[in-house]
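Listed below, chain by chain, are the residues.
2 protein chains.
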Amino acid sequence: MRAEIISVGTELLLGQIVDTNAAYLAQRLAEIGVDVHFKQTVGDNATRVEEALRLAMSRADVVLMTGGLGPTEDDLTVAAVAATLGLELVYDETVADHIRRFFETRGRVPSSTVYKQALVPRGAHVIPNDRGTAPGVHIEHRGRTIFIMPGVPYEMKGMMENYVLPALRDRTGLTVIRSRVLRITGEGESAIEERIKDLLQQTEPTIAPYAKLGEVHLRLTAKGAPEEVDAALARGEAQVRERLGDLVYGIDEQTLEEVVAQALIAKNLTLAVAESCTGGLISYRLTNIPGSSTYFLEGVVAYSNEAKIRDVGVDPTLIATHGAVSAEVAEAMAGAIRRRSGAAVGLGVTGIAGPAGGNPDKPVGLVYLALAGAGGTMHRRLTFGAEAGRQGIRVLAAQAGLNLLRLHLTRA
Amino acid sequence: MRAEIISVGTELLLGQIVDTNAAYLAQRLAEIGVDVHFKQTVGDNATRVEEALRLAMSRADVVLMTGGLGPTEDDLTVAAVAATLGLELVYDETVADHIRRFFETRGRVPSSTVYKQALVPRGAHVIPNDRGTAPGVHIEHRGRTIFIMPGVPYEMKGMMENYVLPALRDRTGLTVIRSRVLRITGEGESAIEERIKDLLQQTEPTIAPYAKLGEVHLRLTAKGAPEEVDAALARGEAQVRERLGDLVYGIDEQTLEEVVAQALIAKNLTLAVAESCTGGLISYRLTNIPGSSTYFLEGVVAYSNEAKIRDVGVDPTLIATHGAVSAEVAEAMAGAIRRRSGAAVGLGVTGIAGPAGGNPDKPVGLVYLALAGAGGTMHRRLTFGAEAGRQGIRVLAAQAGLNLLRLHLTRA
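First to last, the sequence lines map onto chains A and V. Going by the working numbering, the first residue of the first sequence is number 1, and it counts up by one from there. Going by the working numbering, the first residue of the second sequence is number 1, and it counts up by one from there.
If you're looking for bench data, these hints aren't it; they were derived computationally from the structure. You may find that some hints are simply not true.
Stated by the list, open to error - Quick list of in silico lysine-lysine cross-link-like pairs, DSSO-like style, CA-CA up to 30 Å:
| no. | chain 1 | residue 1 | chain 2 | residue 2 |
| --- | --- | --- | --- | --- |
| 1 | A | K362 | A | K212 |
| 2 | V | K212 | A | K157 |
| 3 | V | K212 | V | K197 |
| 4 | V | K157 | V | K223 |
| 5 | A | K223 | A | K212 |
| 6 | A | K212 | V | K157 |
| 7 | V | K212 | V | K223 |
| 8 | A | K223 | A | K197 |
| 9 | V | K212 | A | K212 |
Here chain A stands alone, though its shape is the one from the complex (with noise of 0.2 Å):
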């Protein structure tokens, strides 16, 4: 079964609003199974709306369309999907009925306007509106089904779950998909493709990747019976764990933050923060995670080499030899931090996130982290490219100093 969604609505096409809509009405009906081919948005206008409906109807068995179902002039899409069918438009008494029991319920006094709301298309079937007064239109027409929504996002998912996705499962069968991400770091995605260029190919699961700002996501899909997709998607998984390893960090809507603030209480272990050129972006993100203070103990944002002396504990003499941004420093930070705030490990972070302040020796984008422990301390040196620019540099470094930290962790 093919699906094809239709936003209505001017708001739409001068951007006021994004179509949230659409992205809902699409991911649930992939998880009935239903394929979408085409989403299509229109304005307030019969004439586009009725070239939509058209082409959606040449091409899909279902079509749904949101919006333009209110009482103003505007709102023209039931009328315009009656005409596009050749279907008059009748009077409802039972969507009469519940317009003036929703304003009487509510002690207010309906505009005249508002009945026009109980003109439905001869021989359709009304979709019962709890939450509004706009009612929802179920038509079949020469082999094909429309299903007519409300614009107001409460509204249609009210309608969406209690009567078309109803309506739909019960004619796909038993078919489901299921999808799984598995989020990955450390790499850069093109590298991260490479390395599974075969697996991108194939289907049950299929595989795509999703690149962000220091991160990949890989999107397993399967569709078919329970049992099988369940199957599929753990092959999948196993599949990209054994190319990737540790670069994969979580799975679904776990965040890095996330990781490490797990790995931190499954042994015990507290933390603590120095930080220069990410400017507090560490200890922000890890203290995003409720309950936090059980395993953070102190952050330090030290941006200048004076708060790195006083502040954190820097010998000045390091930061003279080696200058700021320098593996002995990052070290250094990482050190003080720990000893002062007593926490079992300690992370230090310094860099030039620029714009300025880069020399062909020290180029913007250069940066040290560096971990403290009970077995001693270790640095990593990393190159962003200037490009990225000053916050895209920072988020990288974040992002890298969270990831350091997990696998310190996690193979420790």
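Following the hints, put chain V in place on chain A, whose structure we already have.
Chain V in isolation, oriented as in the chain A frame:
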């Protein structure tokens, strides 16, 4: 001039991501007076991309496409467009060089598939990508103009602002459309709109509100001869400022942290920050500004009571008497970080971000902000709704902290 938008990406048809690109494009086009009658969304499928493009070219002068420009097999937009128009793909050395340098400066080795992105239709103009590897493509074909841009919003927006909008603006003739954004913080969206309700009805300039988390943007737009447009924008800005006073913190792309930074620099003052519930976000935002080390002396993320005592220097009896989330502790944090760092101004933030830790006296969303300066110490008590969620409360508290700083620095 009429434009049509085509979003390419199977992830859009599965509802895995919401199509914010299409809304952004529609909004920017509306601002320069370009009409959009239809938007289409298709999956990563050459036949359907072709079908969508043919339809768009049959009814629009300009077609804007986003998505499917990456290095993977799925990314077939450029090839599908070239096939539709009967154009050969040729290898563009300039693009290949850009890609090579992009990887070199990052010290990474590109996979061979990356260079697929250097294939562009013969006769097309390359739209440079400052922010990634995939170039955009600009094609003039039989009286129609086609722009192809990446799906990554950050890259797409760069191309739109720097290339596509200027190119389209040149064609819309002598009439200019200009916008100015007034950025407002310190009150809720509905309170702000209530105060300027009548202004939202006017034209020349039109004034449209956009609510963000913790701030509202008013976009003023005027259309006509350049001098008239500038006069209308100045008039509209004066009207808004008369109503809203210092709720208006900035213009256009100016951020709240930039305004704070400028005020600190103008007054030659330095700052230190002690954060609890905001966990480093205030420090992070302030150090996003290049050159922030001149005024930002130190940030401490003192999440636990121990850290507030040990690292900031808060008197433990204050915490015992009033609780960690109290006016007294916020003021003590501000005063102690100011003294310790030698900064002219100290900012302290403590609150309950939740989801746990609230009680009827001190509910989730309660935040105390305090400022310590040469003239003494003051605090503000704020309550954000628990519905904002942990992350929302943290963002709102950081915004309020920066705003308190701004008002202190600009009023004093």
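For each hint given before, does the structure comply? Return the numbers of the non-compliant ones in rising order. none
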